[in-house]
Amino acid sequence: MDVIDDILLLILERIDSPVYLVRAASTCKRWHGIIADAGFLRRLRSTHAPSLVAGDYLNDFFYETDPKAKPLSVVPSFDPVDAASSPIAARHFSLDFLPGDGADWAILDSRGSLLLLYRMASDRPTMASTRTVSSASP
1 MDVIDDILLL ILERIDSPVY LVRAASTCKR WHGIIADAGF LRRLRSTHAP SLVAGDYLND
61 FFYETDPKAK PLSVVPSFDP VDAASSPIAA RHFSLDFLPG DGADWAILDS RGSLLLLYRM
121 ASDRPTMAST RTVSSASP
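Under the working numbering, the letters of the sequence shown match residues 1 to 138, in that order.
I should point out that these hints are in silico values taken from the structure, not numbers from a laboratory. Remember, it's a predicted structure, so these values are computed and weren't measured experimentally. Incorrect hints may appear among the rest.
[Claimed, not checked] Distance windows between CB atoms, simulated:
no., residue 1, residue 2, range
1, R43, A90, 49 to 59 Å
2, L116, D82, 25 to 35 Å
3, R45, M120, 40 to 50 Å
4, V19, L108, 20 to 30 Å
5, S26, F61, 52 to 62 Å
6, L114, K29, 14 to 24 Å
Just so it is clear, CB atoms sit at the ideal spot from N, CA and C, and this is done for glycine as well.
The whole structure should be built from the sequences, with the hints applied where relevant.
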């Protein structure tokens, strides 16, 4: 394949409608050959695979009495979207491996299945990174 074929391949992989993909395949023999290729179809399925959102991570802040005061503790937790209909059990998203039962840890950021955590009640700043789910069975 040359550069033009590589660009054509990238364009065709972004077609998400089966109807438009069949129309593109009937354009010419070259396009049909690219679209009918098993490698192309495998990449197409992985590109357009449905995404699964099982829930969100959040920081639970606990205050003594005044919500304007500094929080007494912060505990990160997982809030499932709908536990009954989720194909992945919420226990797979547990943060129980954090020292101190997760108390005084805060979620700073997340990207994909990675979490960046910060331990607030420490004499020196402590950070941790973890992959939340790599593969899990229901």
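Hints, one by one, checked against the model:
1. R43 x A90: 49 to 59 Å: At roughly 32 Å between Cβ atoms, A90 and R43 fall outside 49 to 59 Å, so the hint is violated.
2. L116 x D82: 25 to 35 Å: holds (26 Å)
3. R45 x M120: 40 to 50 Å: holds (43 Å)
4. V19 x L108: 20 to 30 Å: violated (44 Å)
5. S26 x F61: 52 to 62 Å: holds (59 Å)
6. L114 x K29: 14 to 24 Å: Since the Cβ atoms of L114 and K29 sit about 44 Å apart, the hinted range of 14 to 24 Å is violated.
The earlier numbered hints that this structure contradicts are 1, 4 and 6.
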